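Engineer: One-letter residues, chain by chain:
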Amino acid sequence: EAEVAQSPRYKITEKSQAVAFWCDPISGHATLYWYRQILGQGPELLVQFQDESVVDDSQLPKDRFSAERLKGVDSTLKIQPAELGDSAMYLCASSLALDRGKETQYFGPGTRLLVL
Amino acid sequence: AQSVTQPDIHITVSEGASLELRCNYSYGATPYLFWYVQSPGQGLQLLLKYFSGDTLVQGIKGFEAEFKRSQSSFNLRKPSVHWSDAAEYFCAVGSNYQLIWGAGTKLIIKP
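Protein chains in written order, with this note's numbering: chain A, 53 to 168; chain B, 10 to 120.
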């Protein structure tokens, strides 16, 4: 069964350093999502792509976070500089296409970030 | 504003007992409703979804959920839980090409 791949699984960094996370969606999935999940909370959408275009990045802290999906396939989320409050699980998900909220999202295993 | 409420932060159930996890939503139109499960340290997996039609929907792993429009609820049920069901469960509403998530309910299984 096809899966969403993410790397690394775990990342420890010091504050003010740069970190990057990678996501490879299920083949053929046009829509890609990056979420941040703080322990004990539901996922918070950071950015949503349709192919290589950003559909929504209204919750992305653009002073320090950036995301790209240059060829409309895999994607990278970057944080520079990292802050203590960025410690969280970063989840990537993909879906076949946008379908007015009906689309099933398939999640990767996530990257657990710890900022010291 | 659209929202999803999962009133129970934690629920403890004995193995073999029945389970009901509550989910209430606030949404103006016909909602698209989802339940996802997250095992410790893992991503989320879809359990079931409701778009229209029969208000009782069957999902994977023996779970089912019932949509009640009059109560704005979409509660998740399982007749007999197994230790492997210990996880966090999230209810979500599909809206404007995105999902609005509840805060989750952590299910603890007593042996």
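If you're looking for bench data, these hints aren't it; they were derived computationally from the structure.
Source: prediction; values computed, not measured.
Be aware that one or more of the hints could be misleading.
Quick partial rundown of chain A residues pointing at chain B, CB under 10 angstroms, derived from the structure [to be verified]:
| # | residue |
| --- | --- |
| 1 | Ser-59 |
| 2 | His-81 |
| 3 | Phe-117 |
| 4 | Ala-119 |
| 5 | Cys-144 |
| 6 | Leu-148 |
Taking lysine to any residue and the SDA-like style, the derived pairs with C-alpha atoms no more than 25 angstroms apart in a straight line are [said to hold, decoys possible]:
| # | chain 1 | residue 1 | chain 2 | residue 2 |
| --- | --- | --- | --- | --- |
| 7 | B | Lys-58 | B | Gly-71 |
| 8 | A | Lys-63 | B | Ser-48 |
| 9 | A | Lys-63 | A | Lys-154 |
| 10 | B | Lys-58 | A | Lys-63 |
| 11 | B | Lys-115 | A | Arg-152 |
| 12 | A | Lys-67 | B | Lys-77 |
| 13 | A | Lys-123 | B | Gln-107 |
| 14 | A | Lys-130 | B | Tyr-106 |
| 15 | B | Lys-70 | A | Ile-78 |
| 16 | B | Lys-58 | A | Arg-88 |
| 17 | B | Lys-115 | A | Leu-166 |
| 18 | A | Lys-154 | B | Ile-20 |
| 19 | B | Lys-115 | A | Gln-132 |
| 20 | A | Lys-154 | B | Gly-68 |
| 21 | B | Lys-77 | A | Gln-111 |
| 22 | A | Lys-67 | A | Arg-152 |
| 23 | A | Lys-63 | B | Trp-92 |
| 24 | B | Lys-70 | A | Gln-132 |
| 25 | B | Lys-115 | A | Leu-165 |
| 26 | A | Lys-154 | B | Tyr-36 |
| 27 | A | Lys-154 | B | Glu-24 |
| 28 | B | Lys-58 | A | Gln-132 |
| 29 | A | Lys-123 | B | Lys-77 |
| 30 | B | Lys-119 | A | Arg-88 |
| 31 | B | Lys-70 | A | Lys-130 |
| 32 | A | Lys-154 | B | Lys-119 |
| 33 | B | Lys-58 | A | Leu-165 |
| 34 | A | Lys-154 | B | Phe-60 |
| 35 | B | Lys-115 | A | Met-141 |
| 36 | B | Lys-58 | A | Thr-156 |
| 37 | B | Lys-58 | A | Leu-166 |
Derived coverage of chain B by chain A (criterion: at least 3 residues anywhere in the stretch with Cβ under 8 angstroms from a Cβ of chain A; other residues may be distant) [stated by the list, open to error]:
| # | region |
| --- | --- |
| 38 | 53–66 |
| 39 | 96–110 |
Glycine included, each C-beta is placed from N, C-alpha and C at the ideal position.
Engineer: The structure should be examined with respect to each hint, and the outcome stated for every one.
Structural biologist: Going through the hints against the structure:
1. Ser-59: violated, 13 angstroms
2. His-81: Hint violated; His-81/A Cβ to chain B Cβ min 14 angstroms, cut 10 angstroms.
3. Phe-117: Given a least distance of 18 angstroms, the restraint on Phe-117/A is violated.
4. Ala-119: violated, 16 angstroms
5. Cys-144: holds, 8 angstroms
6. Leu-148: Status violated, d = 13 angstroms.
7. Lys-58/B with Gly-71/B: holds, 14 angstroms
8. Lys-63/A with Ser-48/B: holds, 20 angstroms
9. Lys-63/A with Lys-154/A: violated, 33 angstroms
10. Lys-58/B with Lys-63/A: violated, 33 angstroms
11. Lys-115/B with Arg-152/A: Cα-Cα ~29 angstroms, so violated.
12. Lys-67/A with Lys-77/B: violated, 47 angstroms
13. Lys-123/A with Gln-107/B: Holds - the C-alpha atoms of Gln-107/B and Lys-123/A are around 22 angstroms apart, at most 25 angstroms.
14. Lys-130/A with Tyr-106/B: The given pair, whose Cα atoms are some 24 angstroms apart, holds under the 25 angstroms limit.
15. Lys-70/B with Ile-78/A: holds, 23 angstroms
16. Lys-58/B with Arg-88/A: holds, 23 angstroms
17. Lys-115/B with Leu-166/A: Cα-Cα ~22 angstroms, so holds.
18. Lys-154/A with Ile-20/B: The hint is violated at about 28 angstroms.
19. Lys-115/B with Gln-132/A: Roughly 33 angstroms separates the two Cα atoms, so the pair is violated.
20. Lys-154/A with Gly-68/B: holds, 16 angstroms
21. Lys-77/B with Gln-111/A: violated, 31 angstroms
22. Lys-67/A with Arg-152/A: The hint is violated at about 38 angstroms.
23. Lys-63/A with Trp-92/B: Since the Cα atoms of Lys-63/A and Trp-92/B sit roughly 30 angstroms apart, the hinted pair is violated (cutoff 25 angstroms).
24. Lys-70/B with Gln-132/A: violated, 41 angstroms
25. Lys-115/B with Leu-165/A: holds, 22 angstroms
26. Lys-154/A with Tyr-36/B: holds, 14 angstroms
27. Lys-154/A with Glu-24/B: violated, 33 angstroms
28. Lys-58/B with Gln-132/A: violated, 37 angstroms
29. Lys-123/A with Lys-77/B: Roughly 43 angstroms between the alpha carbons, so the hint for Lys-123/A and Lys-77/B is violated.
30. Lys-119/B with Arg-88/A: violated, 30 angstroms
31. Lys-70/B with Lys-130/A: violated, 36 angstroms
32. Lys-154/A with Lys-119/B: Given that 25 angstroms is the threshold and the Cα spacing comes to 35 angstroms, the pair is violated.
33. Lys-58/B with Leu-165/A: violated, 30 angstroms
34. Lys-154/A with Phe-60/B: holds, 7 angstroms
35. Lys-115/B with Met-141/A: holds, 17 angstroms
36. Lys-58/B with Thr-156/A: holds, 9 angstroms
37. Lys-58/B with Leu-166/A: Violated, at roughly 33 angstroms.
38. 53–66: holds (count 5)
39. 96–110: holds (count 10)
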